[in-house]
Amino acid sequence: MTPVSDAVLMRRIGERQPEALQELYRRHASNLLALGKRILDTLEDAEEVLQEVFLRVWQEHLRYDSDRSSVSTWLVLIMRSRAIDRLRNRRVVERVHGAAYQEGGESYTSPEGAVNVLDRQREGRVRSELQELPAEQRQALEMAFFEGLTQSEISERTGIPLGTVKTRTLLAMKKLRKNLRQEIRELL
Amino acid sequence: MTTETDTMAPDSADPEDQAILEALDALASGEAPAAGSGDNEALRRLYVEVLGLLPASLEPVIPDDRVWQRLAAQLDFPALAQAVPQQEPAQAAPMAPIPPLAAVTPLVPPAARETARDTSFGTGPVVTRTAMRRHSRWPLALAATLAFALAGLSLYLLRNLNEQSELVASLYVKLAAAERQTADARLTQGKLADIEEKYSLVTDPGASINRLAPAAEKVQPEARGVLFVASDHSHWVLSLQNLHPTEAGQGYQLWFMGEGTAVSGGTFTARPGEVVKLSAESMPAGTKAILITLEPAAGSPLPSGPKVLTTVG
Numbered sequence: 000m001t002p003v004s005d006a007v008l009m010r011r012i013g014e015r016q017p018e019a020l021q022e023l024y025r026r027h028a029s030n031l032l033a034l035g036k037r038i039l040d041t042l043e044d045a046e047e048v049l050q051e052v053f054l055r056v057w058q059e060h061l062r063y064d065s066d067r068s069s070v071s072t073w074l075v076l077i078m079r080s081r082a083i084d085r086l087r088n089r090r091v092v093e094r095v096h097g098a099a100y101q102e103g104g105e106s107y108t109s110p111e112g113a114v115n116v117l118d119r120q121r122e123g124r125v126r127s128e129l130q131e132l133p134a135e136q137r138q139a140l141e142m143a144f145f146e147g148l149t150q151s152e153i154s155e156r157t158g159i160p161l162g163t164v165k166t167r168t169l170l171a172m173k174k175l176r177k178n179l180r181q182e183i184r185e186l187l
Numbered sequence: 000m001t002t003e004t005d006t007m008a009p010d011s012a013d014p015e016d017q018a019i020l021e022a023l024d025a026l027a028s029g030e031a032p033a034a035g036s037g038d039n040e041a042l043r044r045l046y047v048e049v050l051g052l053l054p055a056s057l058e059p060v061i062p063d064d065r066v067w068q069r070l071a072a073q074l075d076f077p078a079l080a081q082a083v084p085q086q087e088p089a090q091a092a093p094m095a096p097i098p099p100l101a102a103v104t105p106l107v108p109p110a111a112r113e114t115a116r117d118t119s120f121g122t123g124p125v126v127t128r129t130a131m132r133r134h135s136r137w138p139l140a141l142a143a144t145l146a147f148a149l150a151g152l153s154l155y156l157l158r159n160l161n162e163q164s165e166l167v168a169s170l171y172v173k174l175a176a177a178e179r180q181t182a183d184a185r186l187t188q189g190k191l192a193d194i195e196e197k198y199s200l201v202t203d204p205g206a207s208i209n210r211l212a213p214a215a216e217k218v219q220p221e222a223r224g225v226l227f228v229a230s231d232h233s234h235w236v237l238s239l240q241n242l243h244p245t246e247a248g249q250g251y252q253l254w255f256m257g258e259g260t261a262v263s264g265g266t267f268t269a270r271p272g273e274v275v276k277l278s279a280e281s282m283p284a285g286t287k288a289i290l291i292t293l294e295p296a297a298g299s300p301l302p303s304g305p306k307v308l309t310t311v312g
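Chains as they are written, first to last, in numbering that gives the first Met the number 0: chain A, 0 to 187; chain B, 0 to 312.
Everything labelled a hint here was simulated from the structure, so no lab data went into it. Some hints could be false.
Here chain B is said to cover these stretches of chain A; the calculated rule only asks that three of the stretch's residues, wherever they fall, bring their Cβ under 8 Å from a Cβ of chain B [said to hold, decoys possible]: (1) 6-13; (2) 23-32; (3) 61-71; (4) 159-173.
Every residue, glycine too, gets a C-beta built ideally from N, C-alpha and C.
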């Protein structure tokens, strides 16, 4: 049986079917939580953001526009944006209190059996393509995406000229787009 | 706040660079750029999806069951709060090893180069320096011309290939949009057919209309309902209003009441302000009345909970 697409799930969420939200959560929560944890560094904060994201999906489902992005990309962009907002707020709080953030000390290892095989293969391909990028291009892209830095901030932090940072980001994006054609098509 | 485009090269004339810049805007705003605001829409869309793929490079992290339970409680989904979505078991696909960078291999092996040198200059008739230059230059010139021609041809083919690739990408995006529109149209068509069917039922001159009012116990005095039964006495539509939202572990149950019999029509839930609509193409023979009771979520074999609504007359 062909599984229902994410786009159909979004329509069902629009028709107020909670089971559709549950299915969307089942499909994407583990990847989104990984993103939140990568940005925020703590599982507890990332889980709170994850909850906020799916709350927003239910309450603001009309904001999703299938012409702009796939559902999974929409979820990723919301998750990233919320996590980075929280990270920035946390930095402000840290500055106010003058104390460095201390991680809760939790240790986490991803259990096996998180996602289905197709997702695994996609993850493997994306990971491999990222690793194939020259280190400096990967660094520019990862700092922009996972750390929420602008190109100027990357330039300041690394001491690399702004023009070079821009060029590296553009090159990295072009390579990924070219080499991940199949994965992108699956999302469309 | 500084946006990505403020700091990226805004004067870049390359449409592909522009598409990337616009896609990167999504990082600053948290939303993909609006569609239809540029010529290179398809390219921009592809780059937005590239960004969406990046987290796939991370090892997935399974959320604690309590995350879903808190969310379900927050959204008032009592029935789903305990049903934590289970991730599909993974069979870890082996990671493709990253191949090491290929060592740069000389076009001509050293030994061959030695041999070439030997055969060019080691034996044969003695030639003057000028003659040797003449002899050695024309093949070089020819080779250079050929190399230039090949390089030009390669560039042309590469450019052509890139253009074709862009075209294919753009067609994919359009195809995906068309497929979505088709799916939407089918869905709308289905809904329309459903509405038409219900409309024909409620406007059928032979249809009977029965009001549902709170049962004697007045458990929910504001609750109301209307039952339409088609002239075939089988096809029916039931509309219920002002039902209290169901609590965790509870559900409403529909009963078809006959002479001393009660046949369950199934359970349903209600959310605040929702008009519950139920319909089916058949009704148990001998049905004299409709009853709505409040029962455990899984339903009861016979009406046992508080009676909420019943047909009047």
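Hints, verified against the model:
1. 6-13: That given contact holds, which follows from 3 residues of the segment 6-13 of chain A lying within Cβ reach (below 8 Å) of chain B.
2. 23-32: holds (count 7)
3. 61-71: holds (count 8)
4. 159-173: The restraint on the segment 159-173 of chain A holds, since 7 of its residues have a Cβ under 8 Å from chain B and three suffice.
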